[in-house]
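I would like the entire structure built from these sequences, with the hints used as guidance.
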Amino acid sequence: MQTKIKIKNFGFYYNAHQVLKNISMEIVKNTITAVTGPSGQGKSTLLFTLNRLWETMEGARVTGRIEILFGEKFQNIYDPGFRVSTLRRRVGMVFQMPNPLPMSIYKNVVFPLKLKGADKQADTPFRVETALKRCFLWEEVKDRLNEDARTLSGGQQQRLCIARALILNPEVLLLDEPTSSLDDISCKMIEELLVEVKKECTILLVSHYLDQVKRIADTGMRLSQGQMIQEW
Amino acid sequence: MKSSLWDKGFHLFAWGCSLVLVAAVSIILGFLIVKGYHTLAPSLIFGDTPFWEALLLRRQVFDGLFPAMVGTLCLIVLAIVFAIPLGLFTGIFLAEYASPKVKWLFSLVFDILAGIPSIVVGLFGFSITLFLHHCFFDRLYPCLLISALSLAFLVLPYMIRTTQMALENLPMDVRMTAPSLGATKFQNIFYVLLPASLSIIVSGIILSIGRCAEDTAVIMLTGAVATAGIPRSVFASFEALPFYIYYISSQYADHSELMKGYGACLVLIFICMILFVLAHWIKQRLAQKLLYRS
Amino acid sequence: MVREKFPKFVFMGASLLSVGITLAILGFMVALAYPLFARGMFWKMLIQPWSPDQDLFGLGPMIVGTLSIASLAVCISLPISCGVACFVGIIHPRGKGRTLRQMVEAMTAIPTVIYGFVGIFLLVPLVRELFSQGSGMCIFSAGIMLGVLISPTMILFFIQSFTLVPQPYLNAADALGANTVQKFFYIVLPCAWKSMATGLILSFGRAMGDTLIALMISGNAVGFPGSLLDSARTLTAHIGLIIAADFDSIEFKTLFVCGICLYAMTGIGVILVRFLAGKGRVK
Numbered sequence: 002m003q004t005k006i007k008i009k010n011f012g013f014y015y016n017a018h019q020v021l022k023n024i025s026m027e028i029v030k031n032t033i034t035a036v037t038g039p040s041g042q043g044k045s046t047l048l049f050t051l052n053r054l055w056e057t058m059e060g061a062r063v064t065g066r067i068e069i070l071f072g073e074k075f076q077n078i079y080d081p082g083f084r085v086s087t088l089r090r091r092v093g094m095v096f097q098m099p100n101p102l103p104m105s106i107y108k109n110v111v112f113p114l115k116l117k118g119a120d121k122q123a124d125t126p127f128r129v130e131t132a133l134k135r136c137f138l139w140e141e142v143k144d145r146l147n148e149d150a151r152t153l154s155g156g157q158q159q160r161l162c163i164a165r166a167l168i169l170n171p172e173v174l175l176l177d178e179p180t181s182s183l184d185d186i187s188c189k190m191i192e193e194l195l196v197e198v199k200k201e202c203t204i205l206l207v208s209h210y211l212d213q214v215k216r217i218a219d220t221g222m223r224l225s226q227g228q229m230i231q232e233w
Numbered sequence: 006m007k008s009s010l011w012d013k014g015f016h017l018f019a020w021g022c023s024l025v026l027v028a029a030v031s032i033i034l035g036f037l038i039v040k041g042y043h044t045l046a047p048s049l050i051f052g053d054t055p056f057w058e059a060l061l062l063r064r065q066v067f068d069g070l071f072p073a074m075v076g077t078l079c080l081i082v083l084a085i086v087f088a089i090p091l092g093l094f095t096g097i098f099l100a101e102y103a104s105p106k107v108k109w110l111f112s113l114v115f116d117i118l119a120g121i122p123s124i125v126v127g128l129f130g131f132s133i134t135l136f137l138h139h140c141f142f143d144r145l146y147p148c149l150l151i152s153a154l155s156l157a158f159l160v161l162p163y164m165i166r167t168t169q170m171a172l173e174n175l176p177m178d179v180r181m182t183a184p185s186l187g188a189t190k191f192q193n194i195f196y197v198l199l200p201a202s203l204s205i206i207v208s209g210i211i212l213s214i215g216r217c218a219e220d221t222a223v224i225m226l227t228g229a230v231a232t233a234g235i236p237r238s239v240f241a242s243f244e245a246l247p248f249y250i251y252y253i254s255s256q257y258a259d260h261s262e263l264m265k266g267y268g269a270c271l272v273l274i275f276i277c278m279i280l281f282v283l284a285h286w287i288k289q290r291l292a293q294k295l296l297y298r299s
Numbered sequence: 560m561v562r563e564k565f566p567k568f569v570f571m572g573a574s575l576l577s578v579g580i581t582l583a584i585l586g587f588m589v590a591l592a593y594p595l596f597a598r599g600m601f602w603k604m605l606i607q608p609w610s611p612d613q614d615l616f617g618l619g620p621m622i623v624g625t626l627s628i629a630s631l632a633v634c635i636s637l638p639i640s641c642g643v644a645c646f647v648g649i650i651h652p653r654g655k656g657r658t659l660r661q662m663v664e665a666m667t668a669i670p671t672v673i674y675g676f677v678g679i680f681l682l683v684p685l686v687r688e689l690f691s692q693g694s695g696m697c698i699f700s701a702g703i704m705l706g707v708l709i710s711p712t713m714i715l716f717f718i719q720s721f722t723l724v725p726q727p728y729l730n731a732a733d734a735l736g737a738n739t740v741q742k743f744f745y746i747v748l749p750c751a752w753k754s755m756a757t758g759l760i761l762s763f764g765r766a767m768g769d770t771l772i773a774l775m776i777s778g779n780a781v782g783f784p785g786s787l788l789d790s791a792r793t794l795t796a797h798i799g800l801i802i803a804a805d806f807d808s809i810e811f812k813t814l815f816v817c818g819i820c821l822y823a824m825t826g827i828g829v830i831l832v833r834f835l836a837g838k839g840r841v842k
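If you read the protein sequences in the order shown, they are chains A, B and C.
To convert, take the position in the first sequence, counting from 1, and add 1; that gives my numbering.
To convert, take the position in the second sequence, counting from 1, and add 5; that gives my numbering.
To convert, take the position in the third sequence, counting from 1, and add 559; that gives my numbering.
Keeping only pairs whose Cα atoms sit at most 25 Å apart, straight-line, the calculated PhoX-like set for lysine-lysine is:
no., chain 1, residue 1, chain 2, residue 2
1, A, 115, B, 190
2, B, 106, C, 564
3, C, 564, A, 115
4, A, 30, A, 7
5, C, 742, B, 13
6, B, 288, C, 655
7, C, 567, A, 115
8, B, 190, A, 121
9, C, 753, C, 742
10, C, 567, B, 190
11, C, 753, B, 108
12, C, 564, A, 117
13, A, 9, A, 22
14, A, 108, B, 190
15, B, 108, C, 567
16, B, 13, C, 655
What the hints contain is simulated information worked out from the structure, not anything from laboratory work.
Below, the structure written as structure tokens:
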């Protein structure tokens, strides 16, 4: 039961308002940790602190420390020497509303590789196929990889976004209410794939759906008024 | 009772003003069309020279608008070549890299640049020519290059503002997608943000082109003359359509020259309208394509 | 890290260049007008008349000319722009309003020189006939044409100001049975007046900075104008006319003083607009 993420005395301030208050928690490797709680009280913010995406917003600041186990050592992700783009390749994120880029399905999945300069290698099509297969999307799109990604249905788009986040084999995957805009069947598919993915990945899932949480999560946390409580 | 009277008066006022405006525009355009339509023929543009030879630059056109149109075209191309990169990069800096204080200050400066009368920009171009002439280049006179540079200064604030607004108005989820996948700021700008703003930026470029095509005050001071033929190099004087119209209005020698002036007005309006419609169309089409979501 | 800093420096360099150019414009004007500063003539020049024979190179008449033509243009344009903006923004937002709006947008593409040309050959003879006084090339003619020129921009600005009014307020007004004029004066105007004032200031600046209409229609006489039907010269037209003079003469140097005046007027306008916008930032 190895710890993957250590959050120590972490606080998040947006302008004058304190959104997260002194959060300390540990997340176990290769598990699905679900975060529930009332709306607008910091669940998405918590995810943003783990891949430092809050730094694109003005007026936000943080206190405290977050360490993630990369390889053998725990790395302070807020260390000035640690490159943010490297962090985001190892800590992937899926948003609440699917956000495919205005490109073909293939190009969407390949995009993270392109950012690394590694999109024209011999094994790239294979990696794309693997990522899409992990998300149960390959069969549905294999004949139309060059079509615009926005022609897919909502559920397909979200699975595409997950495949895109997975292509770099991140060690941590952050999901912000990934199924809240989807129908039942898509929901079930995504839950299934998350259970598969956790074998190679540590998953932090924000969700409103308590039954979903009960179905797939190993640990449940509740975030209320900026404070974190472990439920089970 | 009284309030409905006011209401009727208000409606009447609005209708009245609209009719006045429509009438004004119709009279202006109508006047030009009525007076000038019979000059609309290839001879207006090419004079006595057969148009093949004129287009291939084998023979000079003396009586037609062709040299002025070529001059205007060269101006536009040169000005845009200077204005696009400078404006684009400055807009990107303001939207993506500048701190709020810097942004406020620079925006103030560019608002001033946007408000400077075109003749002052022309005067600046002229002063630069003077300065360079006295200090470095004895043979430099007001010319195509200086005019194009001055026009670039004229449209620069517009390019900056368009780029800046386009980038700043992108929704948060578009802005965050690439960074969440490990993109650096520059990669985000280059691969996602700029393509997403392309339609607005392109239509801004086209409107800048329109501004270059119609301006008279700047080129009047920096190298436009009444007869120069096709510009032989960027350091030569040149003709331009709007300047031709201005020149004819006060220096027309006879009736046929005046008629050519009317014809030139129609040609210029036509060009400007085409550019305007093009910019509008591109904004609509591209914006639709990029915004399409299933 | 270097690769990430490089684009930032390129973009910052471009911005600094752009800022530099703007400041250089003022700088050149001041430098070239320096002999006049040195002789302490600058401030006097702004009120003196222009009479080279008497060694007077004042820009007083030109300043009066600029202000009067621009003011007339704004006086003509303001009510018309209000009316059209109300038509398009409030009374008929769909259908007729949309068509009119497209026409107004197309109007912004009409070059100034066209207005000048039509002014000379249509408006000026008309004014001459109508008032049987003078040549027809006067403040009045220039003011009318200029008014038509600046109207489309003002209209579009006003229409945009109206969209700043929050829809819930309009819904409330409708539900309480307000008619159009009441909605306009009680709801729209209080919300939009600041933005409309900005549009007004910008249009006034545009009117002051226009060269061709003034150059072609206002007559370009150098005396202080006495009435609307008098010929006048603007600062902008003055630049266009004197540019052909000898470089070393004082006349030529007055052009740069003109430039400084116009630059200063622009600066004041921009600061006023900022001030207006800033006052609204109480939220």
